[in-house]
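Trainee: Read off the chains here:
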Amino acid sequence: MANSIIAGVSPTFGLQGAWMMNILNSILGGKPGMIFGASTYVSVSLIALVMNEGKEYIFYALILSGIMQFIFGLFRLGAIFRLIPFPALHGFSTAMSFIIVLNQVRLARNLPDQVFVRLGFSWQNLLDGTNHGSWYSSSQLLFLGLETAISFGIMVFVDLFFKRRRVPSALIAILICVAIEHGLLRTLTKYRTPSIYSLGEVRTPFVQDIWTQQNFSLPPLTLDTLRKIYVTSLAIFGSNLMENALTQRCLDERTNSHWNVNRTILSNGVATVVTAIFGGFSGSGSVSQSLVLLQGHGVSRLSTFLTGVFTMVFIYFAYDAIKFIPIGAVAGVMLWTVRFLTRVDIICSNIHVFS
Amino acid sequence: MNPNVEPLIIATDLQARAVAIPVACETPISAQLFTINESKSMNSPFYSELGASMSVDDGPNMKAKPLNRVQLIDEEKGEVFSRLEVGDIRCLWAPTRVYGFGDFFNRISTWILLNKEQIISSLTGTFYVRIASIGSNLQFVISPDSFSSKLLVH
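Chains as they are written, first to last, in this note's numbering: chain W, 1 to 355; chain D, 1001 to 1154.
Derived from the structure by calculation, the hints contain no laboratory data. Hints may contain errors.
[To be verified] One-sided excerpt, in silico: chain D residues whose CB lies under 7 Å from chain W: (1) Asn1106; (2) Thr1110; (3) Glu1117; (4) Ile1119; (5) Leu1123; (6) Val1129.
All figures in this text were calculated on a predicted structure; none of them were measured in a lab. Just so it is clear, CB atoms sit at the ideal spot from N, CA and C, and this is done for glycine as well.
The whole structure should be built from the sequences, with the hints applied where relevant.
Mentor: Rendered as structure tokens:
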């Protein structure tokens, strides 16, 4: 399989989108405690547009999808989400839990994810290890697994036996794993496990609108441009709607609260437009990231806002502060947060019914 | 002063605030906002078993849940005012005069104290936001190792 390298865009735009989306949504009325980030579905929807038309069109497609969401929320069409049945929500939750677990497996690969470009190709490549990526060495995998297990064990222990703690168990687990990695493993032995730094050092320019950026020569705003992007925009619009609604319902149920889904969609639409104008990849509500906050009782609008602020601070000013965090620590945290999504008893009862 | 409004926390000066805030801190912030029922996530029936989704109304006549506000009394002026509840972005923002640096830093420290759960959980979440964002970009066939705008396509 031949690989070609063409001019594209940087992951920095995804990070810019992450902090802008969170800040804007917390101000404009998104679900409190819900974290917004780059969405896999948006990425998949954009691939065909980039390959067929060029990367310059993605921002217009995102802006158009944001306008669609804004109109949807403005006319309060969220009532249709009442039609989502409980089994669909349960299926979404369970599927997300599997995806979160499998995403942690991906972290065990060096330069992991180009293989996910084509649907149906990913699992074959994940197994045979060909094409752009290899498993870490056996020693790295061993210590990576150990750190994941330690992080997971700390989360379980703290959550079960220290219910009235002030510090989130996730933070405790990450700090202990950082101490193990840099205080013991790298000091006393020659081994090391992959850290956030291993994902690539990302240098991020500050916010600049897409019309003045040097990297892009945007196409003119004509009907022909609209014809090229509207299908992609519709796909992004639909996937964002569903992911926002389902994520919000999951959080509503787990925080025993209720929030108007129209407000979430409307604010997400505005945030999508603004984020795209400033060159960020917008997305939708993320279950996995929201669950990390929920783990630490971060359920308010302030927590969403501060997540955006902290992300901005870390990518622009303090990248060195987090690049030493071992990936195994974060993987352990995510594996424990999966418990919010999985209802083993319902799965077992369904298996019993069908059998 | 409006006698019909029952104050929840009376904080008119530094001394009163110093008394009121520790009382407010006795209850975890999350419990003041929402009740996170851990057993609901782990053991209890899900969604009150099918019923909850039917009772949720997002229709055209549904109004968004109003922001929780706390009534406060400014005894000097004899006025009642309200502020957003703990956990909101502008919580503890009170439209009253700041009495010097001490009062200013007292308000800041109190805000941090009251919202420490939200702050720490946000910090924790940020670690994963970065990993997830980069991972998502990788799915979008973008090279992770440079800002030189490389897009890998098979």
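Trainee: Work down the list of hints and note, for each, if the structure agrees.
Mentor: Comparing the hints with the structure gives:
{"no.": "1", "hint": "Asn1106", "result": "violated (19 Å)"}
{"no.": "2", "hint": "Thr1110", "result": "violated (14 Å)"}
{"no.": "3", "hint": "Glu1117", "result": "holds (5 Å)"}
{"no.": "4", "hint": "Ile1119", "result": "holds (6 Å)"}
{"no.": "5", "hint": "Leu1123", "result": "holds (6 Å)"}
{"no.": "6", "hint": "Val1129", "result": "holds (5 Å)"}
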